[in-house]
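Engineer: Sequence:
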Amino acid sequence: VEAHAAHDPDLLQVIDTLGPLARALRYGDVRGTDATALRRVFDGLVVRVVSGVVIACRSLAPDAAAAMVERLAAVQAALALVDHPARRGEWPAVLGIVAERGDEHGLVRGRATRLLHDGGTWNRQRVGAHLSRALSVGATPAQGAAFVEGFLAGSGTVLVHDRELLDVIDQWISALAPDAFTSTVPLLRRTFGAFDTAERRQLGLLLA
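Going by the numbering used here, 37 is the number at position 37 of the sequence shown; the sequence numbering is gapless.
Since the hints were made in silico from the structure, they are not lab data. Ideal placement from N, C-alpha and C gives every residue a C-beta, glycine not left out. Any given hint could turn out to be false.
Ranges between beta-carbon positions, derived for each pair [as the list claims (entries may be wrong)]:
| # | residue 1 | residue 2 | range |
| --- | --- | --- | --- |
| 1 | Thr36 | Thr197 | 26 to 34 Å |
| 2 | Leu12 | Ala208 | 20 to 28 Å |
| 3 | Gly28 | Asp103 | 38 to 46 Å |
| 4 | Ser155 | Arg58 | 21 to 29 Å |
| 5 | Arg40 | Asp179 | 37 to 45 Å |
| 6 | Gly102 | Ala208 | 33 to 41 Å |
Could you put the whole structure together from the sequences, leaning on the hints where they help?
Structural biologist: Next comes the structure, spelled out in structure tokens:
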């Protein structure tokens with residue numbers, strides 16, 4: 001794996017390798033692979049991902065952005081599984097760059113912001129301020145909807161437990177012009193439709 005990764009320019013394949021390696025490190029494998037050697041390989045791949053992911057996130061088409069969203073979450077999960085030092089240092093720093101840049105797809109910026117929130121790197125106030133900027137009048141409704149989709153990513157728990165973030169999204173939707181609202185609703189329905197029934201019911205009660 002180490003030799004292959006050294007000659008493979010595809011960072012996405014390197015990212016896809018982190019999850020299985022992290023599980024082997026945490027739980028072992030049927031081959032009884034030496035954990036010390038495996039950790040050296042894993043550490044090397046983490047360095048490569050951290051150094052290359054900002055460039056890999058730039059100017060992505062919608063399908064590629066959707067795939068990258070899942071990979072960003074997978075990297076964070078792999079780092080958490082083995083409690084890698086990068087999860088508290090280099091990785092949040094990289095996510096911060098991705099979240100703040102203006103040339104990334106809204107899906108990617110939204111997911112980076114959510115991962116910073118979930119990892120405890122950005123507090124509620126900073127996340128709320130960033131969400132407000134992403135949904136400001138300077139962003140198109142489609143860009144705002146993409147950010148919301150990336151931020152919520154199939155789970156509305158963060159909105160159930162944080163009324164301030166819910167209010168930011170509610171105010172943005174309420175302020176959309178009729179034509180923009182009509183074009184944005186299908187995108188938002190896809191996002192909120194992925195929540196489980198209990199989350200949707202609780203959000204409805206909060207908004208009511």
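Engineer: Now look at each hint and say whether the structure bears it out.
Structural biologist: Evaluated hints:
{"no.": "1", "hint": "Thr36 x Thr197: 26 to 34 Å", "verdict": "47 Å, violated"}
{"no.": "2", "hint": "Leu12 x Ala208: 20 to 28 Å", "verdict": "43 Å, violated"}
{"no.": "3", "hint": "Gly28 x Asp103: 38 to 46 Å", "verdict": "42 Å, holds"}
{"no.": "4", "hint": "Ser155 x Arg58: 21 to 29 Å", "verdict": "27 Å, holds"}
{"no.": "5", "hint": "Arg40 x Asp179: 37 to 45 Å", "verdict": "56 Å, violated"}
{"no.": "6", "hint": "Gly102 x Ala208: 33 to 41 Å", "verdict": "36 Å, holds"}
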